[in-house]
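Protein chains: 2
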Amino acid sequence: MLLFAKVGSNLLTGSLIERMAHKLALIGFGTVSQGLAKLLMEQTESIKQQGAEFQVVAIATNSRGSVFDPDGLDLKAALKAVQSGSLDNYPGGEKGWDSLKIINESNADIIIENTLTNLDDGEPALSHFKAALQQGKHVITANKGPVVLAYSELMNLAKANNVNLLIEGTVMSGTPVLNLSHFGLGGCNIHEVQGILNGTTNYILTQMETGMSYDDALKQAQELGFAEADPTADVEGWDALAKVVILASVIMGVDLKVSDVDREGITNISIDDVEKAKADGKRWKLIGQVKKENGVVKASVKPMLIPLSDPLAAVGAAMNAITFYTDVLKSVTITGAGAGGPQTGFAVLSDLLELHRSES
Amino acid sequence: MLLFAKVGSNLLTGSLIERMAHKLALIGFGTVSQGLAKLLMEQTESIKQQGAEFQVVAIATNSRGSVFDPDGLDLKAALKAVQSGSLDNYPGGEKGWDSLKIINESNADIIIENTLTNLDDGEPALSHFKAALQQGKHVITANKGPVVLAYSELMNLAKANNVNLLIEGTVMSGTPVLNLSHFGLGGCNIHEVQGILNGTTNYILTQMETGMSYDDALKQAQELGFAEADPTADVEGWDALAKVVILASVIMGVDLKVSDVDREGITNISIDDVEKAKADGKRWKLIGQVKKENGVVKASVKPMLIPLSDPLAAVGAAMNAITFYTDVLKSVTITGAGAGGPQTGFAVLSDLLELHRSES
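The listed protein sequences correspond, in order, to chains W and A. According to my numbering, the first sequence holds residues 1339 to 1698 in order. According to my numbering, the second sequence holds residues 1339 to 1698 in order.
Hint data in this document are derived by calculation from the structure and do not stem from the laboratory. Note that the coordinates shown come from a computational prediction; the quantities given were computed from them, not determined experimentally. What you were told as hints is all true, and nothing was included just to trick you.
The list cannot tell twin chains apart, which means a pair is met if one copy fits it or any two copies do.
Calculated lysine to any residue pairs in the SDA-like style (CA-CA distance at most 20 Å, straight line): (1) K1386 x D1665; (2) K1386 x N1527; (3) K1668 x G1679; (4) K1361 x T1382; (5) K1620 x P1645; (6) K1668 x Q1381; (7) K1386 x G1591; (8) K1620 x L1643; (9) K1668 x E1383; (10) K1620 x T1548.
Using the sequences provided together with the hints, build the complete structure.
Next up, the structure:
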């Protein structure tokens, strides 16, 4: 079909060149989208190498204003403005458009949705996703909320409007796990996925192996910014659970509810448990698991004893990892960063490049 | 450009549907291409899911005959025939075409070249590659010879003829390392690659950690079929070196000669060395390394002491692994099979699906 694309490009070079510069709107401008903005300025070489061009035409925040310029924003000035307190300080552009107006009325063809994750009802992101897809605009996100709550509904909406919903950043930030499962492993069947999906709990467990108590390890994680003041979402396994639901949707094609996943955190693991495991040549890890047996998909998040011979046992500190169990290749494990603004911003950039490839 | 593809497909549905069934010629029909043939029969579901269709129209071997049928061969019958001693026993089809005649005159649009690896002059594969690319036919291979000796020349030839040369199977068999480096990590810069690229040596080193002598471990590897009767290519690091040269070409874009790579095998590692490393919380691994420093690329294959905290330390037995060191994501490690007929056949299938995607 490349052939016809070429014919088309000869006939309509002008409009194609315009088409090449993808126009982005950033809905939410926190660490992830700021990380993306910096990458769009820094990674110009690797972006150009892939024949892509991206232009941010609008940025909307919840409490720090918004700005829209159909001809493209100066990202350096936009970062400076938001860091100074409000996008109202951006020189030029239209101000005061809210997220939905930008999604519906701006000339952006790709909506980057990175507002705060809400696992209860997914809002406001869920409404942003639906508006964008209904407008025939691609959506790229690292926001787990809408994906956990409405993946297949949103994918169907995307298909119906002939656009894409790309979510690499929702699991293991920029480490390309979904890309790998879809493309690199696309030719085989994945019947089980096991992963260390939360960096905070892995950091705590790793520190406990040095003899540190759970409380001290948690305190240290909080001081280092790995853990929230209220660590419940991490240490009780809720964050890993959200990722397990996403893996079940993307890889196994089943919609799980949060309540379908057996969940146990790490708060009941003692120094003695860790010491005993070490003596047995094993390690406690908080493992998210999705397993297909006779067509039935079971999912869980719980502490498991991992033998040192398992690649997951070697994943220390705040690193994450996923092992795919397949029919042809047996096991394939990918280990990398699981969080971070630049890393998650990179996931969005990867999806942008994937989108560009799929249209080239 | 998807747009024009759709217009095209409406105008020319018929020829498009025909185009969808990619016609393959298998040059060389050993374990890899037999593994591919089995996968083409077994993985029909995942192939169909990606909207692809593959039809083998010709198979050529060096000493077991050849067969050609422009309307497609029965793979089950072809496997039976070759296992019975010769493709001459295949019911029907034209017999007696040699490899070059099949490449030049058959209706195959994709040439799967998996003859024996020859690192001296790359023949006969190198001539097969050149003929196919000059004919405007895609080439997919797991054959390291021509890739090590003439990667950029072959890539230029492919570009000049508007076709692709795909080589996923040349490094870590079906574990999608090249796919990952190109797509999943396409948005960042890889400045160093470190890997365990040879399963035989890793198996021997792993066994030595249980107290087994080098000689006994080698003998066991030979009994298990991991090691050749003459193990030189593995234990002296030549196999890993070939993969290092390929990684330097594909990831760093530089052509290294075999003589540019510092090479040391594992034959000088004693039980005492292994014990001492263990006592220091480290492991000896045969590491292939490609490193870019101030624009200069250095490559080596040598035994290195790896701390247990490094993901490569956990890679045991015949498994392989590669760590990519990048600017944005820091380190990303992929661990998986490094050899095997079905696994390497899978690499060819992955490249076939990638080729299909790039044309869809």
